[in-house]
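Guided by the hints, dock chains B, G and F onto chain X, whose structure is given.
Here is what each chain is made of, one letter per residue.
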Amino acid sequence: MSTQLDTIKLTNAQIAWRAAQDLEDGAYVNLGIGFPEMIATFQPEGRDVVYHTENGVLGFGEAPAAGEEDWDLINAGKKAITLKPGAAFFHHADSFSMVRGGHLDLAVLGAYQVAENGDLANWSTGKGGVPAVGGAMDLVHGAKRVAVVTDHVTKKGEPKLLKRCTMPLTGVGCVTRVYTSLAVIDIEDGHFVLREKLEALSFDDLQAVTGAELKTKGDVGVLVAKVL
Amino acid sequence: MSTQLDTIKLTNAQIAWRAAQDLEDGAYVNLGIGFPEMIATFQPEGRDVVYHTENGVLGFGEAPAAGEEDWDLINAGKKAITLKPGAAFFHHADSFSMVRGGHLDLAVLGAYQVAENGDLANWSTGKGGVPAVGGAMDLVHGAKRVAVVTDHVTKKGEPKLLKRCTMPLTGVGCVTRVYTSLAVIDIEDGHFVLREKLEALSFDDLQAVTGAELKTKGDVGVLVAKVL
Amino acid sequence: MDKTVASLQEAVAGIGDGASVMIGGFGGSGAPIELIHALIDAGPKNLTVINNNAGNGHVGLAALIEQGQVAKLICSFPRSADPKVFTDLYLAGKIELELVPQGTLAERIRAGGAGIPAFYTPSSYGTDIAEGKPVAEFDGRPYVQERWLKADFALIKAETGDPMGNLTYRMAARNFNPLMAMAAGTTIAQVSRVVQLGEIDPENVVTPGIFVDRLVTVAEPKQEETLNREGAAYPEVAA
Amino acid sequence: MDKTVASLQEAVAGIGDGASVMIGGFGGSGAPIELIHALIDAGPKNLTVINNNAGNGHVGLAALIEQGQVAKLICSFPRSADPKVFTDLYLAGKIELELVPQGTLAERIRAGGAGIPAFYTPSSYGTDIAEGKPVAEFDGRPYVQERWLKADFALIKAETGDPMGNLTYRMAARNFNPLMAMAAGTTIAQVSRVVQLGEIDPENVVTPGIFVDRLVTVAEPKQEETLNREGAAYPEVAA
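Residue numbers (my numbering), protein chains in the order written: chain X, 962 to 1189; chain B, 962 to 1189; chain G, -11 to 227; chain F, -11 to 227.
It should be emphasised that the hints constitute simulated quantities derived from the structure, not laboratory data. Computed from a predicted structure; not experimentally measured. One thing to keep in mind: the hints can contain errors.
Said to hold, decoys possible - The calculated lysine-lysine pairs, modelled on DSSO-like cross-linking and capped at a C-alpha distance of 27 Å, are: (1) F/K210 <-> X/K1040; (2) F/K82 <-> F/K60; (3) G/K60 <-> B/K1088; (4) B/K1039 <-> B/K1088; (5) B/K970 <-> B/K1178; (6) B/K1088 <-> G/K82; (7) G/K210 <-> B/K1040; (8) X/K970 <-> X/K1116; (9) B/K1040 <-> B/K1176; (10) X/K970 <-> X/K1178; (11) G/K210 <-> B/K1088; (12) X/K1176 <-> X/K1124; (13) B/K1045 <-> B/K1124; (14) F/K60 <-> X/K1088; (15) G/K210 <-> B/K1039; (16) X/K970 <-> X/K1187; (17) B/K1124 <-> B/K1088; (18) B/K970 <-> B/K1116; (19) G/K60 <-> G/K121; (20) X/K1105 <-> X/K1045; (21) B/K1105 <-> B/K1178; (22) B/K1039 <-> G/K60; (23) X/K1039 <-> F/K210; (24) F/K72 <-> X/K1088; (25) X/K1088 <-> F/K82; (26) B/K1045 <-> B/K1105; (27) G/K33 <-> G/K210; (28) F/K121 <-> X/K1039; (29) B/K1040 <-> B/K1178; (30) X/K1117 <-> X/K970; (31) B/K1116 <-> B/K1187; (32) B/K1039 <-> G/K72; (33) X/K1039 <-> F/K60; (34) G/K72 <-> B/K1040; (35) B/K1088 <-> G/K121; (36) X/K1039 <-> X/K1088; (37) F/K121 <-> X/K1088; (38) F/K121 <-> G/K121; (39) F/K72 <-> X/K1040; (40) B/K1105 <-> B/K1039.
Just chain X, with the same shape it has in the complex:
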């Protein structure tokens, strides 16, 4: 089964592309470090999106050319960035006021596990080492929509979408939509609601690699992603 999934599933870039299609014109958006950052690359033409980074910048743009980095101008992932016209700097308390105070339209994060009740686990596998949480526990609260981008299953083929998370939680009841390598799923009233799935995959096959019931409301769309 998991071998078969590997041949049809979306790449991370394709998941990011799909998530990017939902970016709304005029939205204020925070993209988590790593995988979610890729979404900005695929921002659709004609949509004006303002990106927030929790270390105190609103309205940043692409990475500078190699050698042109200014290390006072970085994002939360400590990568060099550039500014767009209309950008603003502010301190960390003001920055997290934007986050916690409900001013962001969208935050997109990665995940170890997502539960049908909206719980998210993405900061610790619970296996020891040095714990590090960063801004994740704040980002899951306040944004009007909190989305996750993730492979649908772990590298071992185990479900990442579960009835309840087994890893340490980042936040409770916070995720509103999940973009996976196989499907687009909303979380509504404590349930996974399937919105789109790959055409090559049957509902039953998708359900088989999902750790909680997939409900449907009306038609399930076809998950399409650009060839990248």
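Below, chains B, G and F without anything else, positioned relative to chain X:
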């Protein structure tokens, strides 16, 4: 008795002058609206004092000449002010962070009543009308020293320094020093400690117009004030 | 992205009966007189207004109260040079007052904008203002619990704005304006001028555009203090 | 009023064994590398350090930890590009860690500076981080109570300062620096340049001088990122 006091007591300007002698070089100071504001007029030569007004200015100076007012540049008493070099503007939450956070060296306020336990009543006579508190309840907390300037007795000759306040409180246990028309009194460990009194006034006469015991620690100094 | 609107009327559109409205300013400085007058023209009733004061004379907030549009005022200092309008209504029991110490008012609004539902402050402990509020001790000192304050709308006054809503202020006219911008569902700013994107140095933005929804230019804003010295009233027929 | 001091050594004077020290910066941006190195030279032990991270490579905070001067670290993200120094000590049980979500860390420091002993936040509710902390419900949602954070000293990095201690910052190097300036008993700032009083526009002051105690000029401050790419270490003999 009160007639006699009237002939020897300090004027408000003289009380302000006396309080001004204790302004420390390099101090950050908030002077309450009205009577306390007069203290700045008597700031001793050679001492650098930075004045804070709770509506968001640090480092303001004297009033502008009549006709030169800019009504965007006012103090908490809504009077026009000017700026000194090194001034800064900030919003109200930052301004009261300075107050509440213990960053001011001194706040000086007026009083209806002060109690020997440091309680202050200065915002309401409790007699109805429109209640209005402004910044007083914040200013009494946070400043390293909270001083009061006041006549020693009411217009009817009744003590304003009491065992306990009878009017609605502004703050509990907050006053550290009182400059009156007759004396300078510290509040220490729940008691009035007399530091200075007018030479023409006996201790017993001062005690007679004070509503709680005046303690002494060592010598009582002579309260002198410039003829103004 | 362009948050500018063409008229004051458009700026205050949608503020309906019963709305809660934060209005910036400390006394007259930073008071968005023109937006308030547009709100008088729009005519919603039964408003809850959050402001430091209760207005002066017969313009701005005082005029809004005078028109009978305000059911409740949340403020720190409703006594002013000419407080007659508010005082009369208050003593007649026709307007509700929630009195809040000034620093607590600022912090409650900031908390509303910052997603902090409650906090503790030393201010007002042991006073009548603290009655009925939870008290807790930290490190041996008692503190009063205060709740965040939010509103449906904020009317604020700024100096320079850009189309994304980035704002700067003018001197002590800053006061409550940047805080209220954070704490309202819809924040409406009047600015003396709108500049091109990028003309405000990102280092000097006081209110980032994320907090601002609508922007209207009032090139030469009136000062409450000046209007009152001239004996002005709004609407003018009321003079 | 002149808060400038002549040397880095003088700037960090008085930071003794067991002191709590806030250190500004987010990763390398805004990290006061020269002040940290002066603190290494001064040699106090058993410090409690508050920073967002745990340092990188063998300079700045990482070097301070490597020298064994830090007993406890309060931070949000102690994993970094080259986290070996902290990781080794932590896994060996030789350094204490208090892990705080980043937004909560910022708010706790701001609360320390603002005289707010405790506040409620939705962040960390229902997670391991909230264990043992009071929880309360407001408007039907659960929140975690967090306490203010203060320190004996703050070491911060700014761009421009004046003799009264008014400060501006440079781009995203602002981060925690203005907050820590508010929350420490003694705030020590390194600045790229000190200008005359009045040269910083009062509208553009980010940290008013009331929050700053000492100011030292480091005309060309080093960037942690650059130092680490060069393989630098402090003290240099340790390389």
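Taking the hints in turn, this is what the structure says about them:
Note on F/K210 and X/K1040: the hinted pairing holds, with a Cα-Cα distance of about 18 Å set against a maximum of 27 Å. Only pairs whose Cα atoms come within 27 Å are accepted, and F/K82 paired with F/K60 is accepted, the gap being roughly 9 Å. This hinted pair checks out: G/K60 and B/K1088 have alpha carbons roughly 22 Å apart, not beyond 27 Å. For the hint linking B/K1039 to B/K1088, the alpha-carbon distance of about 25 Å falls within 27 Å, and the restraint holds.
Of the supplied pair hints, the one linking B/K970 and B/K1178 holds, its CA atoms being roughly 23 Å apart against a limit of 27 Å. Restraint check: the Cα-Cα separation between B/K1088 and G/K82 comes to about 20 Å, which is no more than 27 Å; the hinted pair holds. Annotation: proposed proximity of G/K210 to B/K1040 holds, straight-line Cα distance about 18 Å (limit 27 Å). Our distance criterion of 27 Å between C-alpha atoms is met by X/K970 and X/K1116, whose separation comes to about 13 Å.
A hinted pair counts as satisfied when its Cα atoms are at most 27 Å apart, and B/K1040 with B/K1176 does not qualify at roughly 40 Å. With a CA separation close to 23 Å, the supplied pair X/K970 and X/K1178 stays within the 27 Å bound. Proximity of G/K210 to B/K1088 is assessed by CA-CA distance (about 37 Å); at most 27 Å being required, the pair is judged violated. About 13 Å separates the Cα atoms of X/K1176 and X/K1124, which keeps this hinted pair within 27 Å; it holds.
Taking the CA atoms of B/K1045 and B/K1124, the gap is near 42 Å; set against the 27 Å cutoff, the hint is violated. In summary, the hint linking F/K60 to X/K1088 is supported, as the alpha carbons are separated by about 22 Å, within the 27 Å threshold. Distance hint between G/K210 and B/K1039 is fulfilled; the C-alpha atoms sit about 16 Å from each other, no more than 27 Å. Distance check on the hinted pair: X/K970 and X/K1187 sit about 13 Å apart at the alpha-carbon level, within 27 Å; holds.
For the proposed pair B/K1124 and B/K1088, the alpha carbon gap of about 21 Å is at most 27 Å, so the pair holds. This hinted pair checks out: B/K970 and B/K1116 have alpha carbons roughly 13 Å apart, not beyond 27 Å. Only pairs whose Cα atoms come within 27 Å are accepted, and G/K60 paired with G/K121 is accepted, the gap being roughly 20 Å. Proximity of X/K1105 to X/K1045 is assessed by CA-CA distance (about 24 Å); at most 27 Å being required, the pair is judged to hold.
This hinted pair checks out: B/K1105 and B/K1178 have alpha carbons roughly 22 Å apart, not beyond 27 Å. For the hint pairing B/K1039 with G/K60, the CA-to-CA distance comes to about 24 Å; that is within 27 Å, so the pair holds. A hinted pair counts as satisfied when its Cα atoms are at most 27 Å apart, and X/K1039 with F/K210 qualifies at roughly 16 Å. Distance hint between F/K72 and X/K1088 is fulfilled; the C-alpha atoms sit about 18 Å from each other, no more than 27 Å.
Between X/K1088 and F/K82 the CA atoms are separated by roughly 20 Å; this keeps the pair inside 27 Å, and the hint holds. Proposed proximity of B/K1045 and B/K1105 is supported: the alpha carbons are some 24 Å apart, at most 27 Å. At most 27 Å may separate the alpha-carbon atoms for a hinted pair to count; G/K33 and G/K210 meet this at roughly 24 Å. The suggested pairing of F/K121 with X/K1039 is violated, with an alpha-carbon distance near 31 Å, which exceeds 27 Å.
Straight-line distance between C-alpha atoms of B/K1040 and B/K1178 comes to about 41 Å, which puts the hinted pair past the 27 Å bound. Taking the CA atoms of X/K1117 and X/K970, the gap is near 15 Å; set against the 27 Å cutoff, the hint holds. Taking the CA atoms of B/K1116 and B/K1187, the gap is about 23 Å. The hint holds against a cut of 27 Å. The suggested pairing of B/K1039 with G/K72 holds, with an alpha-carbon distance near 18 Å, which does not exceed 27 Å.
A hinted pair counts as satisfied when its Cα atoms are at most 27 Å apart, and X/K1039 with F/K60 qualifies at roughly 24 Å. A threshold of 27 Å between alpha carbons decides the hint, and for G/K72 with B/K1040 the separation of about 20 Å falls inside it, so the pair holds. For the given pair, B/K1088 sits about 23 Å from G/K121 by alpha-carbon distance, which is consistent with the 27 Å threshold. As the CA atoms of X/K1039 and X/K1088 are separated by approximately 25 Å, the hinted pair is consistent with the 27 Å bound.
Proximity of F/K121 to X/K1088 is assessed by CA-CA distance (about 23 Å); at most 27 Å being required, the pair is judged to hold. A hinted pair counts as satisfied when its Cα atoms are at most 27 Å apart, and F/K121 with G/K121 qualifies at roughly 21 Å. Proximity of F/K72 to X/K1040 is assessed by CA-CA distance (about 20 Å); at most 27 Å being required, the pair is judged to hold. As the CA atoms of B/K1105 and B/K1039 are separated by approximately 25 Å, the hinted pair is consistent with the 27 Å bound.
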